[in-house]
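These protein sequences, in sequence, are chains A and B.
With the first letter of the first sequence counted as 1, position 709 gets the number 1207 in the numbering used here; the numbers rise by one all the way through.
With the first letter of the second sequence counted as 1, position 285 gets the number 466 in the numbering used here; the numbers rise by one all the way through.
Keep in mind that the hints are not guaranteed to be accurate.
[Stated by the list, open to error] Sample of chain B residues facing chain A (criterion: CB under 7 Å; computed from the structure): (1) Val231; (2) Leu234; (3) Phe334; (4) Arg342.
Think of the hints as simulated: they come from the structure by calculation, not from any bench.
All figures in this text were calculated on a predicted structure; none of them were measured in a lab.
Don't be surprised by glycine CBs; every beta carbon is placed ideally from N, CA and C.
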Amino acid sequence: MVKRANRPGPPENSAGLRIACAGAVVTGISGCRAEGELSWAVALTSIVLVITGMYVSYRTRAKPLGWLKPLLALAAVAAFVWFFRQLTGQAFYDVSTVENPLAMLFVWIQVAHAFDVPARRDLAFSLAGSASLMAVAGAQAVDLGFGVYALAWIAFGLWGLVGMWGSASEGGRLRGRGVVGTVVAVSVLSVGVLTVLPAPHVAGRIDFPANAAGGVGLPGAGGLTGDSGRATEPARAGSPADATRVGGFLGFATHLDTALRGAPGNTVVMRVRAQRPSYWIGETFNTWDGVSWKVPTKNVPTPLFSGSPFVVPPTVDTPVVASPVAGQSDLQTFYMAQSSPNLIFHADNAVDVWFPARNIYVSGNDTIVSPIALGPGAIYTVRSQVNTATADELRAVTGTPASTESSSQARELKVDLQLPKPYGRVKALAEKITAKKTTTDAKVQALISWIGAHTHYSTDIPPLAPGADTVDEFLFGNRTGFCEQISTAMAVMLRSIDIPAREAVGYVPGSYNPITDLYEVQNKDAHAWVQVWFAHYGWQSFDPTAVVPLANPSPGATLFHDAGRALKALPLIPLGVVLFLAAATALVFSWRRRRPATWAIAVARRMERTGRRAGRPRETGETLSEYASVLDAIAGDASGTWASVAWLIEASAYGHHEPSAEERREAELASRSRLHRRRPEMATVDPGVRPAAVPVPRRDSPPPRAGDGNP
Amino acid sequence: MTAAAERPRDRRRSAGSFVRPVRPLIPIASAFFVLLGWGVVAHNSGAGWVQALGDGLAGTLLLGILGPGVILSRARLRITAVPTDATAGLPVDLRIESTSRVRVTPVHPPGPETFVGPARRSPPVEGDVLTLVARRRGVVSAVNVEVASAAPFGLLWWTRRLRLELPSELHIGPKLGRSVVLPRQDDDRSGDSSQRSARDIGEPRGVRPYRPGDSRRWVHWPATAHSGELMVREMEGPTAEPVVVVVVLPSDEGAAESVAEEAFGTLVALFDRGMAVILTTTEENGRRTAAVTDRRSAGRRLARAVGPAMPDVATGIIVTMGDLHSGDRL
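For reference, chain B alone in the conformation it holds in the complex (with noise of 0.2 Å):
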């Protein structure tokens, strides 16, 4: 994650990328017994068959040792496609490619555990999939996994860390949260305003490819069915003067979540109100202002946000429609 406070975790995980055994005593130690128990009956009985058996188990047992080390050592993993979206708390698919079957358990962010690489079954036409569930919002571009193998025998798992850098970045939204409470509109009578987007009356523009975060009710069936691709209506939106949206996000990180999924059900309920909103907030870069139009930029927005960089900064939400002005913590 770009977020700063994520990057010295990085650093601290790289320096377990080295490959070592999991829970080794008690796999050593049975080898070890059986062999010892083995060279007894050799021993005893001075049978060569005995000690030429008891060779090849020792053999069979150094391998199923030390061989997932050496092969896990070797295994190259690639993250070979990646969505540009997704949102913390749900999961999210990534294609993995591995040159051996390994174990890959995401650390950060998290996921779980799955196997990848070459299998008994046919093999999937685009690798193996890696699912990744964020617990926070960020924006993504190397996971940090646990690889591990026992091959060839499933005697002994090793493990190893290792940073996978991913093809493109990965956005991770904030979940979407309660919305702030906003102004009433004049001309909201129906009671319904928050079901029917007022872009439904307005001028049409065009068409353009449906998006994520597009109501149904845009959806331009002609077009669709001429294209083979689903397709929106693109409509010239009152020329309404924009609601201005602050997202000042506090330095503590679980604040922090909790202010940018506030400030995300706040974007979508503007949105769904067929609402102009600029959108400010702080990313690494300083202050950034801009216009948000659907859900997917403002989930990218709020990925970036960072907390403000002097401490003393009030924190929270403002949402500014004109001279009215809504907000519950700055």
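Chain A with its partners taken away, still in its complex shape (with noise of 0.2 Å):
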């Protein structure tokens, strides 16, 4: 059995099969080197030999080197060896340490492997092999560039199955009905297969990654200093005086003014790759002056030295909640596409924090700090504990938090009932909207559902006047603006009412991508929102704004959903003028690809839809002189026009007379006239009527033979 499977199976003669397996090999090293599992030097050096391997294993198909077996094996061996010395010392599950050295192993197993496949089967293992390569690109692929080597990769991959079986099958083939009927079985059954699989998602267990992307360290201890990953350019926070490189949005920084707005736009910020789908904090304000939110200059950060992961004390999302709320543990592993604030995101609740640096810094307003500039490229994970407090729960609450909480909460808490002015016709509108609402939640859906009613969204909003409260202007002037005005008012109607309440910044999810699995988070994705206090079940999210989707979308609905955004966002004009151009194209090849290739091709056509018009279309054998003939006795052409006119294509096809102009104007002058059967009472009366008859020509060759066909 064993000499049996290592027997070597015939020599493989299909080059095009080798160069599908090299081609999906060389795609997957290119893979990998694109999303950083392996150098250039790498890369390169690897690629060159495996074209080389390949190469020399079909010069020596029929009689492999014998002694390039035991290098080979050689090689093979030291690669492991390599590989386990990698490993020595690594934490066992950081899978994150191990992916280098895993693709550096595939790669160089392949290329060992690509100087001895002198068979079918050792094409298949090729072939196979590149799957681990992909695999391992696949696994840190976080946009869609990948997509190019993914597409490339199945191209070769489907290109090498059916050499495969062209080869088994000694010459068997795909014509342009299979080729087609492959494409659309194999789109439709892995469509299907990924509709129908769940998508697997982080588990949670193995990997949190975690990348500096070469960030440098920032002056501060714990404040907001800028977005840039250069430290000889420290970037800004957000300013209104000045371009800012924190996407348009001004507020990830020590205050939010709400009487301005950035130029959000569409440029990707960073991927989030989570369980589910959350807001992503940034920061939270609980000072407001009547136009801008600010962070209490008392509130000083605290260092957290442990080390990644860093585990963030309770007081931060749950300030004075005694018992917290048994929740599920979410991960976040956030990757950073443009340079950022040196704020660490994360979903509700953070607990664990795994970032590249010595220490971070919290801040009791659910605030992280990283010390260190955040640039491309940067990844950080962070676990959160999901508040799982259902609906019903919280309609449960009631009471202000001096009735609920301990002194020292409720003192705790004041910062987040602060209001720079009475707010007179403010606390009279809630009061009325929250009459006979007796829990927190009613009365904050009730203030939700009437700034539904009687406000508008619009980021296009008039400059607030000098000294006017944005809040005033919003709920009694123009009632119209956006994220920041409708969360802060809804806020201070909140806090006008003794209700704790704060400004939270951030991003909201984004758009979920299905193939990397990604949140795809875009400058204007930033966003602000309301965070209200709950006895018992700590600060709870809430958006007046807009309502966000919390359901995770199933793949195969995003991907429906996406493909028809796909759609209305194609460039129609353009794309109709190319399909036009390709239409009309395809036409004329068509139209060129069916006329008639001589002229006698041409009359003898129209001599056929003649009769065909006639309702006496050409029989299958029938020779044109014989329809000829049976035209002419339709017609009741003693003269024999038509056979006059057979006679001259039949001469002209087989060379035996070529028509002169004149002949052929008369012919096709003939063949262009309509067929009148003959009606014997006006034969009687006009014979005239009768086409005229185009002149015989003197036969002077022999007719075609039956061999040589009809035209």
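Take the two lone chains, each set in its own frame, and fit them into one complex as the hints suggest.
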């Protein structure tokens, strides 16, 4: 059995199959390089070696080099030894440190194997091995750019597999319909599997990636200092006075000026791999001055030196909850695509942070600050405790903090009830809206409903007049604003009726990409919302601006949804022009292909068309002369006009007689004439109605033989 | 085959005409473990690309495993041309057409496996060739074949049995066996009577197209040159009394084959002597006595011959030349 398994197969002679397999392997190596798993030197060297090896294998397929096998075996053993030495001393669970050596190991195994692939079975191994490279590369891919490699690999893979069958079946091939059918079948089955199988998402046990991407330390102890990855060019946090690199959103700073608005664009700021969509909190504000939200100056961030993972004290997210609600763990990995402020974004209730720095800073207002600049490529992971308070539980919470919390907790929450002035009208309005509402949740919902019914969302609002109050202007003025005005108004209304509330800024989940399994957060996803204190349940987020779906979209539904959106986003006019040109080109080619190649064929077709219109199509096996005689008989043409035309056609087609221009003209004229069925009475009355006969040339050559066929 | 002993076998084979995978355990288990490994990577990495590629891989493997079954069940095979005569033990080529590329292995009559259907190389004008090597004589009206395919990826082979009807019957004559000892003719003094046909000295009756078995001495070159076809002289043979050969085959297949081979050798020897032969055999319809004029007609008669209906009948060959009798078993 073992002998039979090890017996080398017959040499594989198909060069196409080898090219496909080599292409798949090279694509896998390139994919690994694109995702940073391999250096340029390693990638280029291995690609050259793979191609060389495949060529050598092809040349020596009939008689493999005997001395090569021990060398290749030795190389494979050396690769494994190197790999295990790399693992020595690594934490077992930390897959991120294993990935690069694993990619290297796979690549070198492929390189060694490429020199010994004489048979089809060996090529199949190469093809399968390329899949492992793609798996390693795909595990690191966070954007759609990897799709180029995926498509190329799929194409090479299908080519290789079809080539395998072609080789196994001694020259079997897929015809056009077969190729289309195969591709369609693979696509349908793949989409079916994609739709049916749940998205795996991150397991939450093994991989906690963190990467500083060369970030450098920032001055200041836990303050918001910038968004740049370069120490020499410290970027400013959001500033109304200057351009900002924080996505045009002015909120990620020590204050949030609601009188101003940045210019959020479509640039992807970061990508988030998470088990469920959340609002990614950057920071929260709890001091309101009528125009801006601020972080209290007395709020000194607490440094954490525990090392990664940093355990976030519960006071950050649940400052006064004595017994936090047991919830689910939720992992989020943030892949920064742009320079960003030194905020560590996270979902509600962060408890652990895997961050590539010696320390981080946390504050009591749900803000986590990085000591290093976060540039593109920075990665960190946060584990949050998902708050599982249900709507019923929240509805059950009644009373004010003073009546429900301890005196120290009530003191802590006083800052979240702060108002710069009495806000009499606002309070009256809030009390009017929440009249007869006894629970906190009911009051919150009533306020949200009122805001939804009485205000309008617009980013194009007039500038706030000097000295004016944002909330007064929004609630009693134009009642138009965007998330900052809406959430601020709600927070102030809540505070006015003694419900602790604060402003939170960050990003909405962003659009979910089912291919990368990442939420792509763009500049325009920057958002502000309200957090409301609920006794025993801590801070709960409410978004009066918009409803954000909290269900994790199914990949299939998202694909269809995105496909619909993509169709809508297509540039229809250029596409229409291109399609029109393509159709026109195809029509022209089709017309040129179907155009009669010779004069004889054209006239013969015309003759057939005339006969068909007259109800007498040409029969199978009927020569043109016979057909012409029939047409003459139908027309009652004793002079044999059609017969003459047929003779000219046959003479021209078979080279017996090249018609002159005059003959051609007359034959064409005759072939264009309509065929009138003979009417005896008319023929009797007026014989002149018959078409003029074409002069019959003298037959100076033998008639065409039957074997010559008909034009 | 029309021989009675072959029919039950045909019926048995038709039961296996369902499409079924060949040794599916290893490919399916391999695909399962590949996908399982891929799923583990996807699960632990959480990477959507891994999942997307894994879904593509799953689709490909599914198609590779199930596709051949669909393709095979949709494949249509047809024997388009078949020669009229063949000899047991010698290959005979049939023309076959298939809508899909499949591997065809003749089972009954047996033959080497071959691939038929659309191929990368330019397709043969008259279709692909299916070679049969029949072990025994008989009349074949259909061929049982095993058709297999692993298209489009060659991952798993599926197979099915098919019964392909022949457009015309194929007579498989027996092998040329040793002749029974024939009585020596009085006028045969030269010693080379087996080499020289008596028809060489007969009266010419005309010419006719060459038939397999005709001696090259009979070729009529002027007529051949005139017609463009190989023509042979047809001579008016001696009007001697025809030789009567009675062949009774035993019911045992192997023994019957041996007797048929011997009978065929005897008939060929008689033809070589230029003798008119009347052959008596037992066919399915009953006993048949008729003249045989050449190897082809003799082979056909022997192909149709069966054993006697009565089990206790003596079997063998008997040759009657006038008053002389020869034979070994009757």
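Here's how the hints hold up against the structure:
1. Val231: Cβ of B:Val231 sits 4 Å from chain A, so the hint holds.
2. Leu234: Holds, because the Cβ-Cβ distance from B:Leu234 to chain A comes to roughly 5 Å (cut-off 7 Å).
3. Phe334: Given a least distance of 4 Å, the restraint on B:Phe334 holds.
4. Arg342: violated, 19 Å
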